[in-house]
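Q: Residue strings, one per chain:
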Amino acid sequence: DAGITQSPRHKVTETGTPVTLRCHQTENHRYMYWYRQDPGHGLRLIHYSYGVKDTDKGEVSDGYSVSRSKTEDFLLTLESATSSQTSVYFCAISVGRTYPKVETQYFGPGTRLLVL
Amino acid sequence: TQLLEQSPQFLSIQEGENLTVYCNSSSVFSSLQWYRQEPGEGPVLLVTVVTGGEVKKLKRLTFQFGDARKDSSLHITAAQPGDTGLYLCAGPQGAGTALIFGKGTTLSVSS
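One line per chain: the protein sequences are Y and V, in this order.
Residue numbers for the first sequence follow my numbering, so the first one is 687 and each next one is one higher.
Residue numbers for the second sequence follow my numbering, so the first one is 138 and each next one is one higher.
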């Protein structure tokens, strides 16, 4: 257990409304990630962070923004939700090993988002 | 572009049967990982393989990394209902810390 929580766990919203999902970790990990998981597509990286105020885009970043003002919190915002953003969103942290170089990711429980 | 392709996509078997799941790529990976995900939860790491040809065993699960480090397999002996879940392979994306994931194999084991 890497001490990762996500909130809310479930959310229903309407098209065009802004939505913010929160990921909280308790172990001071530097790297944090947001993924979405959809049938037939697997896990796809949205954005990631490599430190406070340091973020970068992933494979499917359009329509999403992120912020990290504290080490423990990584926020994902859907600026104007669309039905195509209905998905399960997972937050993850990464724990690395130097040799051999291996990154292991630990995931939160997920947030189910339905955009009507 | 690095891609990981998993097969089969779905597998439905009876308790006690053996099965193998495959993860293939045209790219060389420095390591590959296998995660298992149960409904309503996030993926959980099962194993990491880092050396070409490496074989690792986790109880009834046997993981193998291809000699050329482009593929991996997961073999389950005498499957049990508790093995039901989504199995994902993952590998490092470029030189950074992010991972790319295969689309997964959904395994259902009925008693």
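Just so you know, these hints were derived from the structure itself, not from any lab.
Note that the structure is predicted; figures quoted are calculated from it, not measured.
Ideal Cβ positions, reconstructed from N, Cα and C, are used throughout, including at glycine.
Check before you lean on any hint, since a few could be wrong.
Straight line, CA to CA, 20 Å or less: simulated SDA-like cross-link-like pairs of lysine to any residue [as the list claims (entries may be wrong)]:
| id | chain 1 | residue 1 | chain 2 | residue 2 |
| --- | --- | --- | --- | --- |
| 1 | Y | Lys739 | Y | Lys697 |
| 2 | V | Lys194 | V | Leu156 |
| 3 | Y | Lys739 | V | Val181 |
| 4 | Y | Lys743 | V | Gln230 |
| 5 | Y | Lys743 | V | Gln139 |
| 6 | Y | Lys739 | Y | Pro725 |
| 7 | Y | Lys739 | Y | Asp724 |
| 8 | V | Lys194 | Y | Thr790 |
| 9 | Y | Lys697 | V | Lys194 |
| 10 | V | Lys193 | Y | Val788 |
| 11 | V | Lys207 | V | Thr138 |
| 12 | Y | Lys697 | Y | Ser751 |
| 13 | V | Lys193 | Y | Glu789 |
| 14 | V | Lys193 | V | Glu178 |
| 15 | V | Lys194 | V | Glu178 |
| 16 | Y | Lys739 | V | Gln174 |
| 17 | Y | Lys697 | Y | Val781 |
| 18 | V | Lys193 | V | Lys207 |
| 19 | Y | Lys739 | Y | Leu707 |
| 20 | V | Lys194 | V | Glu154 |
| 21 | Y | Lys739 | Y | Gly728 |
| 22 | Y | Lys743 | V | Pro229 |
| 23 | Y | Lys697 | V | Pro176 |
| 24 | Y | Lys756 | Y | Gly737 |
| 25 | V | Lys196 | V | Pro229 |
| 26 | V | Lys207 | Y | Val788 |
| 27 | V | Lys207 | Y | Glu789 |
| 28 | V | Lys207 | Y | Thr790 |
| 29 | V | Lys207 | V | Ser167 |
| 30 | Y | Lys743 | V | Leu156 |
| 31 | Y | Lys743 | V | Gly233 |
| 32 | V | Lys193 | Y | Asp742 |
| 33 | Y | Lys697 | V | Gly177 |
Chain V stretches covered by chain Y per the calculated footprint, using a threshold of three residues with CB under 8 Å from any CB of chain Y [said to hold, decoys possible]:
| id | stretch |
| --- | --- |
| 34 | 173-184 |
| 35 | 233-247 |
Label pairs and their computed distance ranges (CB to CB) [said to hold, decoys possible]:
| id | chain 1 | residue 1 | chain 2 | residue 2 | range |
| --- | --- | --- | --- | --- | --- |
| 36 | V | Gly231 | Y | Gly702 | 31 to 39 Å |
| 37 | V | Gln217 | Y | Glu758 | 33 to 41 Å |
| 38 | V | Arg197 | Y | Thr757 | 38 to 46 Å |
| 39 | Y | Thr757 | V | Gly153 | 44 to 52 Å |
| 40 | V | Arg197 | Y | Ser753 | 13 to 21 Å |
Q: Give a verdict on every hint.
A: Results for each hint:
1. Y:Lys739 with Y:Lys697: violated, 26 Å
2. V:Lys194 with V:Leu156: holds, 15 Å
3. Y:Lys739 with V:Val181: The hint is violated at about 28 Å.
4. Y:Lys743 with V:Gln230: holds, 13 Å
5. Y:Lys743 with V:Gln139: holds, 17 Å
6. Y:Lys739 with Y:Pro725: Measuring from Cα to Cα gives roughly 32 Å; hence the hint is violated.
7. Y:Lys739 with Y:Asp724: violated, 28 Å
8. V:Lys194 with Y:Thr790: Between Lys194 (chain V) and Thr790 (chain Y) the Cα gap is close to 18 Å, so the pair holds against 20 Å.
9. Y:Lys697 with V:Lys194: violated, 40 Å
10. V:Lys193 with Y:Val788: holds, 16 Å
11. V:Lys207 with V:Thr138: The hint holds at about 14 Å.
12. Y:Lys697 with Y:Ser751: holds, 18 Å
13. V:Lys193 with Y:Glu789: holds, 18 Å
14. V:Lys193 with V:Glu178: violated, 25 Å
15. V:Lys194 with V:Glu178: violated, 24 Å
16. Y:Lys739 with V:Gln174: violated, 31 Å
17. Y:Lys697 with Y:Val781: violated, 29 Å
18. V:Lys193 with V:Lys207: Cα-Cα ~17 Å, so holds.
19. Y:Lys739 with Y:Leu707: Between Lys739 (chain Y) and Leu707 (chain Y) the Cα gap is close to 17 Å, so the pair holds against 20 Å.
20. V:Lys194 with V:Glu154: holds, 18 Å
21. Y:Lys739 with Y:Gly728: Distance of about 28 Å is beyond 20 Å: violated.
22. Y:Lys743 with V:Pro229: holds, 16 Å
23. Y:Lys697 with V:Pro176: holds, 18 Å
24. Y:Lys756 with Y:Gly737: Judged against 20 Å, a Cα distance of about 9 Å means the pair holds.
25. V:Lys196 with V:Pro229: violated, 26 Å
26. V:Lys207 with Y:Val788: Between Lys207 (chain V) and Val788 (chain Y) the Cα gap is close to 16 Å, so the pair holds against 20 Å.
27. V:Lys207 with Y:Glu789: Holds, at about 18 Å.
28. V:Lys207 with Y:Thr790: Since the Cα atoms of Lys207 (chain V) and Thr790 (chain Y) sit roughly 19 Å apart, the hinted pair holds (cutoff 20 Å).
29. V:Lys207 with V:Ser167: Holds - the C-alpha atoms of Ser167 (chain V) and Lys207 (chain V) are around 9 Å apart, at most 20 Å.
30. Y:Lys743 with V:Leu156: Since the Cα atoms of Lys743 (chain Y) and Leu156 (chain V) sit roughly 37 Å apart, the hinted pair is violated (cutoff 20 Å).
31. Y:Lys743 with V:Gly233: Given pair Lys743 (chain Y), Gly233 (chain V) holds - Cα atoms ~13 Å apart, limit 20 Å.
32. V:Lys193 with Y:Asp742: Violated, at roughly 34 Å.
33. Y:Lys697 with V:Gly177: The given pair, whose Cα atoms are some 14 Å apart, holds under the 20 Å limit.
34. 173-184: holds (count 6)
35. 233-247: holds (count 8)
36. V:Gly231 with Y:Gly702: 31 to 39 Å: Holds, since Gly231 (chain V) and Gly702 (chain Y) (Cβ atoms, about 35 Å apart) stay within the stated range.
37. V:Gln217 with Y:Glu758: 33 to 41 Å: About 38 Å separates the Cβ atoms of Gln217 (chain V) and Glu758 (chain Y), which means 33 to 41 Å holds.
38. V:Arg197 with Y:Thr757: 38 to 46 Å: The hinted range 38 to 46 Å holds for Arg197 (chain V) and Thr757 (chain Y), with Cβ atoms some 39 Å apart.
39. Y:Thr757 with V:Gly153: 44 to 52 Å: holds, 48 Å
40. V:Arg197 with Y:Ser753: 13 to 21 Å: violated, 44 Å
Taken one by one, the earlier hints fail for this structure at numbers 1, 3, 6, 7, 9, 14, 15, 16, 17, 21, 25, 30, 32 and 40, listed in ascending order.
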